[in-house]
Amino acid sequence: MTSPLASLPFSEPFADDVVCDQRFIEVSNFNFFYGKKQVLFDINLTIPARQVTAFIGPSGCGKSTLLRNLNRMNELLPGVSHSGTIAIHGISIFDPSIEVIALRRRIGMVFQKSNPFPKSIFENVVFPLRIMGKQSRSFLEETVERSLRAVALWDEVKDRLKESALGLSGGQMQRLCIARAIANQPEVLLMDEPCSALDPIATAKIEELIVELKKEFTIIIVTHSMQQASRISDLTAFFYLGKLIEFDQTQRIFTAPIQKKTEDYITGRFG
Amino acid sequence: MSHPIPHFFQHNHNKTAFGRLLRNHLLTVLCVFLSCITIVPLFSLLYLLFKKGGSFLSLSIFTELPASPGLEGGGFGNAILGTLMMVGIATFFSGPIGILGAIFIAEYAPLSRLARTVRFVAKLLTGIPSIICGAFAFAMIVLTTGHFSALAGGVALAVLMLPTILITSELALLGVSSSYRDASYGLGATPFQTIWCIVLPEALPAMMRGMMLAVARAAGETAPILFTALFSQGWPRSILEPMASLSVLIYNFSALPYPYQVQMAWTASLVLVGMVTGINLIAQWAFCKKI
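If you read the sequences in order, they're chains X and Y.
First residue of the first sequence: 1, per the working numbering; consecutive thereafter.
First residue of the second sequence: 1, per the working numbering; consecutive thereafter.
For the record, the hints were derived by calculation from the structure and aren't laboratory data.
A couple of the hints might just be wrong.
Stated by the list, open to error - Partner residues aside, some chain X positions facing chain Y, computed with beta carbon under 7 Å:
hint, residue
1, Leu77
2, Gly90
3, Ile101
4, Arg105
5, Met109
6, Phe111
7, Phe117
8, Gly133
9, Arg137
10, Lys215
11, Gln251
Small disclaimer: the values here were computed from a predicted structure and weren't measured.
Yeah, the Cβ is synthetic: ideal placement off N, Cα and C, and Gly gets one too.
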């Protein structure tokens with residue numbers, strides 16, 4: 001499939017390249033500032049493709065800030081600055097040749113509070129295609145069905161695609177937002193506490209979904225729930241006060257953490 | 001006693017609790033009373049207008065020209081049309097400028113020096129007396145073209161409406177939840193797409209209400225029109241000629257010594273209020289339809 005963004009260096013198909021898969025996203029010596037306040041300190045992190053990586057840590061530890069840097073969403077805030085690099089497929093996302101709009105189209109994002117547009121369910125899912133100028137009715141319909149099936153929402157809403165998305169339940173809305181985020185077939189899916197506003201049943205559905213979606217997408221999830229991180233993630237990064245304390249296989253982090261801070265946090269001694 | 005240990009709701013179940021209840025009720029009554037007072041002026045005004053002007057309401061009022069002072073009969077169709085045209089001209093100028101300006105200061109560069117200046121100037125402008133707007137349009141257009149015109153009247157009203165439209169539009173845009181913007185930018189939309197496809201449709205009802213507020217105010221203004229469009233006994237022919245308007249007609253007729261014309265002024269007031277209310281209702285109905 002030729003992507004309209006194929007001209008971008010990092011959208012070239014590296015999929016079979018094992019090395020590139022292992023070093024899919026590389027964050028090196030990354031510092032981030034809100035005005036003069038430094039919120040991320042010298043972060044070094046290598047995230048593999050098609051796995052679930054969880055960012056955990058107490059509130060204000062910088063995990064969401066790092067997540068929002070991966071698709072340069074933080075640039076929308078006034079007075080932010082950074083140093084160091086983040087590379088995807090070995091290409092720096094801060095490279096002047098990278099168009100931020102194109103970058104965000106390759107990296108889907110799901111937010112803490114589900115935020116469907118006040119439009120119909122159909123229009124929500126096709127929005128990322130519409131902004132790329134895709135008009136073909138059959139293509140849009142195909143995409144809607146495929147995306148909604150991928151998030152197990154198709155059977156629930158297929159008869160009311162023309163109705164407002166705001167009439168859905170909280171869990172359905174969040175699944176719709178995931179469907180919207182994957183409609184354009186991005187390579188990476190960023191999730192910023194996607195279940196924090198949901199009840200346990202809706203949470204379980206989303207978690208199932210995440211495990212399913214990692215076959216196709218590289219998923220990075222920020223979560224406050226350590227149980228969630230241990231249930232769904234392959235790798236876990238623990239942040240504290242803007243620093244990356246420990247990053248390893250999830251199983252290792254939760255059974256034999258090396259750092260004392262990590263152990264204290266996952267055993268609930270603080271945080 | 002049914003509860004050997006006092007339940008915490010029952011704690012101190014005595015004078016203090018009674019006083020608290022009493023204060024609560026008194027305050028509620030006060031608020032209801034004061035709310036009622038705010039609607040008294042509007043309803044007494046409407047009552048007065050209907051009482052004084054209602055009896056003259058007829059179709060001919062909308063279709064005929066005013067009779068000469070002292071004579072009876074006729075209507076003020078030209079003034080109704082003139083008011084609509086001048087408000088239309090004013091909206092034509094101030095609407096796009098106000099809305100696009102608001103988009104810039106709310107969405108594109110809210111913290112820029114230009115945005116801060118525009119915001120400050122708009123707030124200053126809202127406080128400028130309408131007669132000054134008339135004087136401005138008089139100097140700018142009437143003096144340079146050499147004659148009074150509806151265009152000058154429209155420009156005077158546009159100056160009056162612009163800051164209201166700008167400020168209410170900015171508030172409308174700021175009222176749109178930032179989570180929509182996040183979602184849109186997160187999907188790779190450009191600022192243009194985010195604003196036109198997501199933010200603007202959400203802000204539109206509130207923007208239109210702000211616009212109608214400005215229109216309603218402009219439609220009732222006399223001072224800026226008096227200086228610029230003057231008045232005309234005939235039907236509007238060109239926007240480069242003097243034009244009749246309801247507000248100036250009310251102003252002129254109410255000062256005449258003939259009871260018939262004074263009566264006409266009351267009826268014109270009623271029609272003006274009716275028009276403004278009608279425009280508002282239509283705007284509310286037309287722009288509040290949501291999916």
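inquiry  = Output the indices of the hints that this structure fails to meet, ascending.
reply    = 1, 2, 8, 9, 10, 11
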